[in-house]
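Chains as they are written, first to last, in this note's numbering: chain A, 1 to 250; chain B, 1 to 137.
Just so you know, these hints were derived from the structure itself, not from any lab. There's no promise every hint is true.
Said to hold, decoys possible - A few chain A residues that don't get close to chain B, going by computed Cβ distances all over 12 Å:
1. 57
2. 98
3. 123
4. 133
5. 167
6. 175
7. 179
8. 217
9. 246
To be verified - If you anchor each label on the Cβ, the simulated ranges turn out as follows:
10. 77/A <-> 94/B: 20 to 28 Å
11. 193/A <-> 72/B: 51 to 59 Å
12. 87/B <-> 213/A: 47 to 55 Å
To be verified - Here are some chain A residues pointing at chain B (derived, C-beta under 10 Å):
13. 75
14. 76
15. 92
16. 99
17. 103
18. 204
Because the structure is a prediction, the values reported are computed rather than measured. In this text, a Cβ means the ideal position worked out from N, Cα and C, and glycines have one as well.
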Amino acid sequence: MVMDPRLSVIDTRLARIKRLIAVSGGKGGIGKSLISSLLALTLSRLGYTVGLLDLDLSAPSTHVILGIEGVYPKEERGIVPPEVHGIEFMSIVYFTGDEPTPLRGTDISNALLELLAITQWGSLDFLIVDMPPGIGDASLDIIRWLRKAEFLVVTTGSKVALETVKKVLKMLNELNRPIIGVIENMKLRDSSVVKEELKKFEVPLLGAIEFDMNLEDSIGDANRLLERDAAARLKEIVMRNPRFNLEQGR
Amino acid sequence: MHEWSLAEAVIATALEESRKEGLEEITEIKLKIGELQQLDVEIFKFALDELAETLDEGSLLKEMKIKMEPEKAIFKCRVCEKEWDFGETGLSEEEYEAVHFAPEVAHAYIRCPSCKSPDFEVIQGRGVLIQTIKGKR
Ligand SMILES: Nc1ncnc2c1ncn2[C@@H]1O[C@H](COP(=O)(O)OP(=O)(O)O)[C@@H](O)[C@H]1O
Ligand SMILES: [Mg+2]
Ligand SMILES: [Zn+2]
Chain A
1 MVMDPRLSVI
11 DTRLARIKRL
21 IAVSGGKGGI
31 GKSLISSLLA
41 LTLSRLGYTV
51 GLLDLDLSAP
61 STHVILGIEG
71 VYPKEERGIV
81 PPEVHGIEFM
91 SIVYFTGDEP
101 TPLRGTDISN
111 ALLELLAITQ
121 WGSLDFLIVD
131 MPPGIGDASL
141 DIIRWLRKAE
151 FLVVTTGSKV
161 ALETVKKVLK
171 MLNELNRPII
181 GVIENMKLRD
191 SSVVKEELKK
201 FEVPLLGAIE
211 FDMNLEDSIG
221 DANRLLERDA
231 AARLKEIVMR
241 NPRFNLEQGR
Chain B
1 MHEWSLAEAV
11 IATALEESRK
21 EGLEEITEIK
31 LKIGELQQLD
41 VEIFKFALDE
51 LAETLDEGSL
61 LKEMKIKMEP
71 EKAIFKCRVC
81 EKEWDFGETG
91 LSEEEYEAVH
101 FAPEVAHAYI
111 RCPSCKSPDF
121 EVIQGRGVLI
131 QTIKGKR
């Protein structure tokens with residue numbers, strides 16, 4: 001029986017990471033990448049050592065949000081992610097550049113596995129993982145391989161997004177994976193629909209981030225992003241919520 | 001030098017397998033080395049030997065022999081079914097390096113020589129696979 005050696009080494013690669021938070025949610029376009037990026041920045045500014053791993057291989061975005069370019073990992077018994085804005089940052093874009101990289105499910109799984117097997121993270125308080133949308137091959141593989149992961153689930157207040165998010169929550173429950181809670185993003189008006197829909201799941205609604213008309217102007221500039229309301233709201237959610245367990249501070 | 005991280009993966013798998021199978025000693029690991037990943041086989045071999053010494057749990061790997069069998073990379077277009085090999089792809093040095101780190105990145109730089117499609121399959125020779133692990137109980 002042919003064996004893939006890479007599977008055995010994932011846990012070793014993640015051994016020095018205290019907490020691994022996977023930012024998930026059903027659909028694309030609901031703010032997973034924005035929240036992953038802001039979460040990594042926020043925790044880093046609070047004094048934690050933080051890594052950010054972009055695993056949405058079909059549509060990597062966190063490098064755009066944080067304005068990361070002109071850096072490349074070092075090769076040293078694996079690949080060592082460069083530190084940008086105080087964050088150890090890893091993404092497939094180092095290797096694909098701007099080229100479109102059409103990957104089938106098996107190719108995505110293979111590339112994910114390669115990244116997990118060869119990336120040498122430092123000692124991290126947090127590794128934030130930007131997840132691909134959906135509950136297909138890629139998400140299932142990541143959930144299976146990142147045994148340490150806790151899930152932070154993003155939704156919007158739209159019934160359309162919630163429909164898929166409920167499936168994600170149900171799947172995580174069935175797979176017995178810990179869920180930190182749900183963040184409602186792009187909130188436009190007061191409504192209890194998210195709260196109502198989440199009742200069945202025993203998953204806390206951690207808070208909401210309002211829709212920010214001017215956010216786009218700050219995309220690509222980490223410092224300006226941190227000045228936006230969205231960043232302030234996320235920081236509040238993270239600091240206030242006992243599930244993030246930050247009270248010990250740094 | 002990311003050969004080291006893959007070598008570590010091979011040794012970890014061998015040790016895991018020996019625990020599962022109750023082996024007292026691992027005598028041989030047979031590997032397939034896919035061309036697409038362009039491993040430096042000398043460094044890879046050196047890394048395997050070094051790691052076998054340092055990571056060994058109770059000299060399980062003392063007598064271990066490593067056999068490596070190279071495997072040519074062959075691509076097949078999913079659109080027009082043309083098959084071709086790595087020698088015909090003409091990548092730049094940077095592209096080679098990117099493919100070395102993550103062979104799937106080939107889909108960013110390689111196109112079907114006949115119809116230009118990026119939708120192709122690597123039918124063999126992607127990277128490192130363990131064919132067999134032999135040992136004594
Ligand atoms: N709270 C918000 N207010 C305004 N725009 C937002 C907000 N959250 C995300 N966006 C924008 O919406 C788009 C999709 O967000 P993104 O994080 O890429 O979603 P996903 O990763 O879930 O596909 C991006 O342009 C992002 O800047
Ligand atoms: Mg995204
Ligand atoms: Zn073709």
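Verification of the hints:
no.: 1; hint: 57; verdict: violated (8 Å)
no.: 2; hint: 98; verdict: violated (9 Å)
no.: 3; hint: 123; verdict: holds (17 Å)
no.: 4; hint: 133; verdict: holds (19 Å)
no.: 5; hint: 167; verdict: holds (27 Å)
no.: 6; hint: 175; verdict: holds (23 Å)
no.: 7; hint: 179; verdict: holds (30 Å)
no.: 8; hint: 217; verdict: holds (30 Å)
no.: 9; hint: 246; verdict: holds (32 Å)
no.: 10; hint: 77/A <-> 94/B: 20 to 28 Å; verdict: holds (22 Å)
no.: 11; hint: 193/A <-> 72/B: 51 to 59 Å; verdict: holds (57 Å)
no.: 12; hint: 87/B <-> 213/A: 47 to 55 Å; verdict: holds (54 Å)
no.: 13; hint: 75; verdict: holds (5 Å)
no.: 14; hint: 76; verdict: holds (6 Å)
no.: 15; hint: 92; verdict: holds (7 Å)
no.: 16; hint: 99; verdict: holds (4 Å)
no.: 17; hint: 103; verdict: holds (6 Å)
no.: 18; hint: 204; verdict: violated (37 Å)
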